[in-house]
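Colleague: Let chain A serve as the given structure and place chain B on it in line with the hints.
What follows is the residue order along each chain.
Protein chains: 2
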Amino acid sequence: MIKVIILGSGNVGTHLFKAFKNNIDIEITQWFSRDLKNINQYSDVVKITDELNELEVADVYILAINDDSINELSSKLPFTNRLVCHTSGSKSINELDSKNRQAIFYPLQTFSKDSEIDFTKIPLCLESFSSKDMNLLKNIATTLNCDYYEISSVQREKLHLAAVFVNNFTNHLFTIAKEITDESNIDFNILKPLISETVQKIYKLDPKEAQTGPAVRNDKETINKHIQDLKSNDHKQLYKLMTSLINNLDHEKL
Amino acid sequence: MIKVIILGSGNVGTHLFKAFKNNIDIEITQWFSRDLKNINQYSDVVKITDELNELEVADVYILAINDDSINELSSKLPFTNRLVCHTSGSKSINELDSKNRQAIFYPLQTFSKDSEIDFTKIPLCLESFSSKDMNLLKNIATTLNCDYYEISSVQREKLHLAAVFVNNFTNHLFTIAKEITDESNIDFNILKPLISETVQKIYKLDPKEAQTGPAVRNDKETINKHIQDLKSNDHKQLYKLMTSLINNLDHEKL
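Chains A and B are the protein sequences, given in the same order. Just so we're aligned, residue 1 is where the first sequence starts under the numbering used here, counting upward by one. Just so we're aligned, residue 255 is where the second sequence starts under the numbering used here, counting upward by one.
Bound conformation, chain A alone:
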């Protein structure tokens, strides 16, 4: 039985709690939140606390808190030489105070508090300074049935950058598409099967090989019509830049 204490009650903390609580190999020793009202509803099934001094002994302390609070909270922990990890995509392992054994337990997924997530589908990026600690993290990943990868802090920064492209920027392209369809009284739902197929293709093909469309064909008539059709100058600029990147053109010439 692995004893885990979760610190933080945001999206990641809450999803970790739900994933751990029905797992027979894991005991959630405590759940810490600065604000108890966030987790009061779970007080029947887990010991909750808002006092760092009340933290009990556990095999691992998982800090699922704001990036900017990691350093401060990890320094305030009233113990040393225990395994403490954070769950951030962008912060180095050294953001954690070195008085404890530092590690990373980063679930690479986009979390919303309200939406259910199948935790087994989330890849975990793990990092630690000792093979013993790494083994404990791998055991947790295995018991959750998750894929896991050993990823250094330098790699994790690059991975987070790549994640911004595939998640945040992709989602904004969907937002722009919805603006375009809304303006013309077209049901945005028409586009959803195309969006799903766009993603399905990455499971079969390298995205570079899967590229289609007017940019890759260098279909200037369509490209120019599209640029004209866009209302916002920023969207025109984005269209030109993406088209030039796809076609390896100098976009200033479009």
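Heads up, some of the hints might be wrong.
Cut-off 20 angstroms, straight-line C-alpha distance, at most; resulting in silico cross-link-like pairs (EDC-like, lysine to aspartate or glutamate) [to be verified]:
hint: 1; chain 1: A; residue 1: 138; chain 2: A; residue 2: 27
hint: 2; chain 1: A; residue 1: 208; chain 2: B; residue 2: 313
hint: 3; chain 1: A; residue 1: 204; chain 2: B; residue 2: 451
hint: 4; chain 1: B; residue 1: 490; chain 2: A; residue 2: 157
hint: 5; chain 1: A; residue 1: 208; chain 2: B; residue 2: 433
Partial chain A-side listing against chain B, Cβ under 10 angstroms, derived [stated by the list, open to error]:
hint: 6; residue: 196
hint: 7; residue: 214
hint: 8; residue: 218
hint: 9; residue: 241
Honestly, the hints are just simulated from the structure, not real lab data. Even glycine gets a Cβ: it sits at the ideal position worked out from N, Cα and C.
Modeller: Here is chain B on its own, set in the frame of chain A:
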């Protein structure tokens, strides 16, 4: 029984043939290709021809050909007043010669010749100048079990533009992400569950509501680190532009 003649043997023509050939309500009267060797392998199950003069009588002629050939081929058809439609996302209904009854049968999907597609998941955008012709197109859509939408040529141009954003540009974001992970020896597969979840969210939330990430949080430290980490100036510019669009900022100031 609806009699259909397909003209064209590219991705769309081939997928239409496969969708029609097992359909008990549709008879593929003929399949035309300028180059018979593209469709010779199907000559056991369908009459094939490369001669417009040999085209038989059918209820509808579907031109699944290059955008730029629609006008010329439709003028060369050796008959008048029959129902002729094209399958292009970007060309107007008037691209078809008006000696026949013009219509549109546009499957909004990204086709690769080799990948199997469940045609029932493809929304069909239909347009015609008479309700009788529209009803025939709707009957075909219904017999294929497809969702269909009446979309004017003006709307279809906007829809095609929106499709470029959600399909072509999104796929290029995946390409950039793979470049970033490849450079750091990170397995691109780590990102696939995140990509799938990004898309799943549009079935539950308006994409604007689903937006997350450093741009929407205006997390300047992460944003600046990411811009530094990108190697190509075009990618830096794209990052700045997307970030400013997400955050409604003036991207020149980033």
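Colleague: For a C-alpha distance cap of 20 angstroms, please report whether residue 208 of chain A and residue 433 of chain B respect it.
Modeller: holds, 10 angstroms
Colleague: Given residue 241 of chain A as an interface hint, is its Cβ closer than 10 angstroms to any Cβ of chain B?
Modeller: holds, 6 angstroms
Colleague: At a threshold of 10 angstroms, is the proposed contact between residue 214 of chain A and chain B supported by beta-carbon distances?
Modeller: holds, 7 angstroms
Colleague: Taking only the CA atoms, is the gap from residue 138 of chain A to residue 27 of chain A under or equal to 20 angstroms?
Modeller: holds, 16 angstroms
Colleague: Report holds or violated for the interface hint on residue 218 of chain A, using the least CB-CB distance to chain B and a cut-off of 10 angstroms.
Modeller: This hint is violated: residue 218 of chain A lies away from chain B, its Cβ roughly 13 angstroms from the closest one there, beyond 10 angstroms.
Colleague: For the pair we were handed, residue 208 of chain A and residue 313 of chain B, check the Cα-Cα distance against 20 angstroms.
Modeller: violated, 40 angstroms
Colleague: Does residue 451 of chain B lie within 20 angstroms of residue 204 of chain A when you go C-alpha to C-alpha?
Modeller: holds, 17 angstroms
Colleague: Would the hint on residue 196 of chain A be counted as holding, given a Cβ-Cβ threshold of 10 angstroms to chain B?
Modeller: It holds, given that the least Cβ distance between residue 196 of chain A and chain B is near 6 angstroms, below 10 angstroms.
Colleague: Against the 20 angstroms threshold, does the CA-CA distance of residue 490 of chain B and residue 157 of chain A hold or violate the hint?
Modeller: Cα-Cα ~16 angstroms, so holds.
Consistency with the previously given hints fails for numbers 2, 8, ordered from lowest to highest.
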